[in-house]
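So the protein lines, in turn, are chains A and B. All the letters of the first sequence, read from the start, carry residue numbers -11 to 233 under our numbering. All the letters of the second sequence, read from the start, carry residue numbers 56 to 384 under our numbering.
Just so you know, these hints were derived from the structure itself, not from any lab. Possibly wrong hints are sitting among the right ones.
[To be verified] Heads up, incomplete: computed chain B residues facing chain A, CB under 7 angstroms, no partners named:
#	residue
1	Q134
2	E143
3	N145
4	Y147
Don't be surprised by glycine CBs; every beta carbon is placed ideally from N, CA and C.
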Amino acid sequence: MSRWVTFWSILVKDMRAYYLKPPNISWGLIFPLAWTGMFFIKSGGGIEDLLALLPGVVAISVLFGTTSMLAVTVTFEKKNRSFERLLLAPISLELLMLAKTAGAILFGAANAFVPIAMAVFFTDLSRVAWGTVVPAIVLIAVSSTFLGLFIAVSVSEVFEAQTFSNFFRFPMIFLCGLFFPIEQLPAWLRPLSYALPLTYGVDLLQRGFGGVSQMPLAMDFGMLLVFCATLFLISLNNIKRRWIT
Amino acid sequence: MESATPVIEACNLAKNFDDITAVESVTFNVFEGELFGFLGPNGAGKTTTINMLTGLARPDAGTIRIAGIDCSKSPKAAQHLLGVVPDESNLYPELSGYDNLCFCGALYGLRKQERQTRALELLERFGLADAADRKFDGYSRGMKRKLTIAAGIIHNPRILFLDEPTTGIDVISARQIRQLIAGLNAGGTTIFLTTHYIEEAERLCNRIAFLVSGRLVRIDTVDNLMRQTDSRHVVRFTMTEEAEGLCKAISGAFPHLQCQTVSKEAIRLESHEPVRIGPLVRFIEEHGAEVSEARKLRPSLEDIFVSITGIAGTAMKQEQEKRKAGGGV
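Could you put the whole structure together from the sequences, leaning on the hints where they help?
This is the structure we're talking about:
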């Protein structure tokens, strides 16, 4: 029971100290808003096209919301050595890192619902398969957060975390099937697309919002779960290897 | 307060960083209720040893037992018994003093009511009650140090590791912290203290270990260490101006005296026989220097440290102060 006290306290502390700060809340609102506007203008369509834009806006909002915050906060705490306090706490490293990433997962998932909440006023969402969309948002948030953790553990400076995050994020956006269908990509790039977690998340979101999906539902969920587990285990291993020397 | 039950047992601990040996075959026990001092210059391996004992680093060789629990393979097994105050005040800058303490209590599983009560009690005890709602970032260096110690004991640890607790802070805060450390030890907490201030270790500790270049060169009680100095006689002469070559001249004329230049205007003489001041004053003045002060000194633990390690205690202290001033606390 006491370890859940620790888990909950780390989550609440991070939410208060980082995620619920006014600049981050405004980032969480403005960023999805800007993406929606950008996609909408680019599409050149009318309000009826809004539903088709949602998978892209939701996926990008979650990706940026999670990776930006987690990579920076963990690197910052490592730099000022307050992260040592967490490593000294009598709970397992696995639970500790789940607590540390839970805030980013919640923040990322909340970001996803900003464009959805806005869309409610402009389009009919009654045909949306929420049973697919909500788990997809959660899994994109988890896999993106663990990607952020992987980045945080790989660098030692905050600016490196930001640069390294972009190294993953921008190729992911362009290769995951959001802007160009994967089958229209050059043949040599396609395998790379299938090696990205966002590809499967976007496919799920497209299916959930009534669009066309490329892969079977089980494969999308399965691959996202595999990415979550792999990124988390690699990050834990890196923490043990690099930070508990 | 001490008993013969070892609560920390380190056996043949070794740690290398690439081709640098940080700690080499270090073996010692710390007993229940003891205030154990771990002294050594920068780079001696003190922090690396603490990191291994607390689970922040993995030993390359050797075994660690904390309160009988084998921590060599599972470093987290005894962390609930430990409080750690690192050499830098590493609390959360964006949280208030009170919130920092409550959070640290929660890390050790204290329930809400318990950690809130304990946080208020510690803020009062450490003289920080008025600053409880201020952000840690706005605290002075001394206040930060005190709050970091309070955070280290919020869960009433059985063993407290204090890494350089008074380095880089003002005299009054340092004095208050020493009183707090003595109080904690009097209350039954076993304390493992590393410090560059030899006089601090002499004043506070029951036993002291000297660590040099990763090796333990001496471990003994302060009383036993001080007994070595009983047969020594030390006199310090201060001159009104610089006396170049004086030590060499004195060593030639008085072969039984060991002379050491303390500063441009001061020398220190040591002998196993009583030192007669009159002839020395005349000798110095014949060499063109005027003696402004001659003082017999009680040999200190610093003298023992210097004789064991060959490192001047003042040099060690200055080096550490410089490091802290550069890096900030």
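> Which of the listed hints are broken here?
Replying inline: none
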